[in-house]
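Quick mapping for you: the protein sequence lines, in order, are chains L and V. In terms of this note's numbering, the first sequence opens at residue 781 and continues consecutively. In terms of this note's numbering, the second sequence opens at residue 116 and continues consecutively.
Check each hint, because a few of them may be wrong.
Stated by the list, open to error - The list that follows gives simulated cross-link-like pairs (lysine-lysine, DSBU-like), each with its CA atoms no further than 30 Å apart:
#1 Lys790/L <-> Lys283/V
#2 Lys239/V <-> Lys790/L
#3 Lys790/L <-> Lys227/V
#4 Lys239/V <-> Lys148/V
#5 Lys238/V <-> Lys259/V
#6 Lys939/L <-> Lys148/V
#7 Lys784/L <-> Lys148/V
#8 Lys980/L <-> Lys833/L
#9 Lys267/V <-> Lys218/V
#10 Lys259/V <-> Lys790/L
#11 Lys833/L <-> Lys272/V
#12 Lys1114/L <-> Lys1092/L
#13 Lys277/V <-> Lys833/L
#14 Lys784/L <-> Lys1019/L
#15 Lys859/L <-> Lys939/L
#16 Lys283/V <-> Lys239/V
#17 Lys980/L <-> Lys946/L
#18 Lys784/L <-> Lys946/L
#19 Lys784/L <-> Lys238/V
#20 Lys790/L <-> Lys238/V
#21 Lys833/L <-> Lys227/V
Unchecked claim - With the Cβ distance kept under 7 Å, some of the chain V side facing chain L (calculated, not the full set):
#22 Gln133
#23 Tyr144
#24 Leu151
#25 Tyr152
#26 Ile153
#27 Gly177
#28 Pro179
No lab work stands behind these hints, which were simulated from the structure alone. Bear in mind that the values here come from a model prediction, so they are computed numbers and not experimental data. Ideal Cβ positions, reconstructed from N, Cα and C, are used throughout, including at glycine.
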Amino acid sequence: MSEKPITGEKRVFMTGNEVVAWAAVAAQAEIMYGYPITPQNEIMHYWTRLAPKFNKTFLQTEDELSAGFTTIGGVLAGKKTFTATAGPGTVLMQEPLAMAEMMRLPVVVVVMQRGGPSTATVIYSQQEVTLTTFGGNGEGFRIVYSTATHQDLFDYTIKAFNIAWKYRMPTFVLGDGYQAKMREPLTMYDPEERGVELVKPEPYVGLPGMPGEERPPGHYRNTYNTEEELNEVVNDHVKAYEQIQNELPEHDEFGTENADLVVVAHGVVARATKQAVEALRAEGLNIGYFRPITLRPMPDQALRAMADRTKKILVVESAQGQLARLLKESLYGKTVEIVPLFRPGVGVTPEEVMARSRELVA
Amino acid sequence: MAKLAKIMIAGEGGQGIQAVAEILAEAAYEEGKHVLYIPNFGVEQRGGVSVAFLQIGDEPIGSPKFEIADIIVALSERAVGRTRQYVGAPTVFVYDTMVATGKVELPTGAAKVLAIPGVETAKKELHPRVFNVMIMGAVIEATKVVSPENAKKAIEKRLGYKFEQDPKLRELNYRAIERGMELVGEVLRGGQG
């Protein structure tokens, strides 16, 4: 009944939504809470198909607010839980997610970005970057991985559970409608067989023993009486996040040594920019590629070092500057020129990136 | 960017466009090729134009959508209109003879524009149900991205349970692939376009 879902290396060809469901099973998630919204619906569908085979469960809630809060409930009970959403669902979920930030709860959320504002398209965009990194009434104490391939979706969904439980911080896998719906090959595996230790969840509530006598009391609050009380707690979060900023940033780059231009993109758009930069380099142009994998925290040090080595940066995204805002904050004080290629709500092709890059180095 | 076939199939919802793309994608994947397939999808539950973007190549594939297709198969007037923006110098544009060319402008600037009597042939010689499988045969002949044998294997994988119940269906599907290949072969040799 509950044998290992994956043994050995398994080459498969499937949609991104199916990949996420498999990865959550492989990461030994126990329960998913969710409310349907395109384009992430099939994460729920595949999870509900897989769950009974491996003694796992699912709860469909009445909306995304509730999905977020039940995910928090699952975490408090010591379960490895997750939810998935998109678009207006990501907006609704900010209330429970801010609570998870305040209480440092390791909820895992998969966001498959669709077009915005409001209902907009059910298809695709990169317009949920600001919402995923800094949504909610707080300071953005979150960890956000932006995936580009189905292999990333598998690897980083597994990683998200580990990072969330290790650092006790809400952790996001930020995909998009293209990744959700497209099919491409990837290799699935059992993480423990590869030597990846799966961090065990622990309950926050219902622990044995008399609180304050036999064990420290659990004191989990999202409400404070005074400004100073709150300030003290947030300052602790700031300190915890500094450690995260030192330990967790991830990125991918090549060709950035003394480049005339570096193209920066995240997520699925990084595929087009990578393809474009490779083709331009093959033509002999001195152009580099940089992809932040963590958008929260951003890979500040690597970005700043890159900015010192290049003349210009072209920032490419399927949004009107949501990545660019994060980038500018990372590069504060640097004088490198930042040129936008913003295509809000639509995909970006390598041809567009090549054409703009050629203009910039001409 | 090495050899990469960019394929677009478009038609009315219900014509089985996405099934064709999925089976082709599966066949190419089984051949060990790099494949990326993405359906378009919108808020409409039915009545929309259905478009499939399929890329098959020897190296990892970049962005899921593309600007210019190598081959476009458009199976309705609206599909012709919808796919026109993806036509460029290398494009082989295939449309069904049932498309009322008086109602929609055919693309210009393509490498070739070919008309095949898909709907008619499926209805008269085979069965309307296998129209999409015939179109798959047409795509295979036009692109050579997968072998007909592997396409048959992929169909078997998907519909094998139905074939078990009624072996005649298998025969019908296989003939549909071959007939689709012939249709494109004929117009290519006939030099229409």
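Results of checking the hints against the structure:
For a cut-off of 30 Å, the pair hint linking Lys790/L to Lys283/V is broken: about 35 Å separates their Cα positions. Between the alpha carbons of Lys239/V and Lys790/L the distance comes to roughly 44 Å, so the proposed pair goes past 30 Å and is violated. Taking the CA atoms of Lys790/L and Lys227/V, the gap is near 41 Å; set against the 30 Å cutoff, the hint is violated. With a C-alpha separation of about 36 Å, the suggested pairing of Lys239/V with Lys148/V is violated against the 30 Å cut-off.
Note on Lys238/V and Lys259/V: the hinted pairing holds, with a Cα-Cα distance of about 26 Å set against a maximum of 30 Å. Note on Lys939/L and Lys148/V: the hinted pairing holds, with a Cα-Cα distance of about 28 Å set against a maximum of 30 Å. Our distance criterion of 30 Å between C-alpha atoms is met by Lys784/L and Lys148/V, whose separation comes to about 29 Å. Between Lys980/L and Lys833/L the alpha-carbon distance is near 21 Å, which keeps this suggested pair within the 30 Å criterion.
As the CA atoms of Lys267/V and Lys218/V are separated by approximately 36 Å, the hinted pair breaks the 30 Å bound. Simply put, Lys259/V and Lys790/L have alpha-carbon atoms about 28 Å apart, close enough for the 30 Å limit, and the pair holds. A threshold of 30 Å between alpha carbons decides the hint, and for Lys833/L with Lys272/V the separation of about 23 Å falls inside it, so the pair holds. With a C-alpha separation of about 11 Å, the suggested pair Lys1114/L and Lys1092/L falls inside the 30 Å cut-off, and the hint holds.
Among the hinted pairs, Lys277/V with Lys833/L is consistent with the structure: their alpha-carbon atoms are about 26 Å apart, no more than 30 Å. Proposed proximity of Lys784/L and Lys1019/L is contradicted: the alpha carbons are some 38 Å apart, above 30 Å. Restraint check for Lys859/L and Lys939/L: satisfied, since their Cα atoms lie roughly 16 Å apart, inside the 30 Å limit. Restraint check for Lys283/V and Lys239/V: satisfied, since their Cα atoms lie roughly 17 Å apart, inside the 30 Å limit.
The suggested pairing of Lys980/L with Lys946/L holds, with an alpha-carbon distance near 9 Å, which does not exceed 30 Å. At most 30 Å may separate the alpha-carbon atoms for a hinted pair to count; Lys784/L and Lys946/L meet this at roughly 23 Å. Among the hinted pairs, Lys784/L with Lys238/V is inconsistent with the structure: their alpha-carbon atoms are about 49 Å apart, more than 30 Å. With a CA separation close to 42 Å, the supplied pair Lys790/L and Lys238/V exceeds the 30 Å bound.
Restraint check for Lys833/L and Lys227/V: the C-alpha separation of about 52 Å exceeds 30 Å, so the hint is violated. At about 11 Å, the closest approach between the beta carbon of Gln133/V and any beta carbon in chain L exceeds 7 Å, and the interface hint on this residue is violated. At a threshold of 7 Å, the smallest CB-CB gap from Tyr144/V to chain L is about 4 Å, leaving the interface hint in force. Given hint, Leu151/V at the interface with chain L, holds; its Cβ is 5 Å from that chain's nearest Cβ, closer than 7 Å.
Contact between Tyr152/V and chain L, as hinted, is supported at the beta carbon level, the nearest pair being about 5 Å apart and thus within 7 Å. Given hint, Ile153/V at the interface with chain L, holds; its Cβ is 4 Å from that chain's nearest Cβ, closer than 7 Å. Interface restraint check for Gly177/V: the shortest CB-CB distance to chain L comes to about 3 Å, inside 7 Å, so the restraint holds. At about 5 Å, the closest approach between the beta carbon of Pro179/V and any beta carbon in chain L falls short of 7 Å, and the interface hint on this residue holds.
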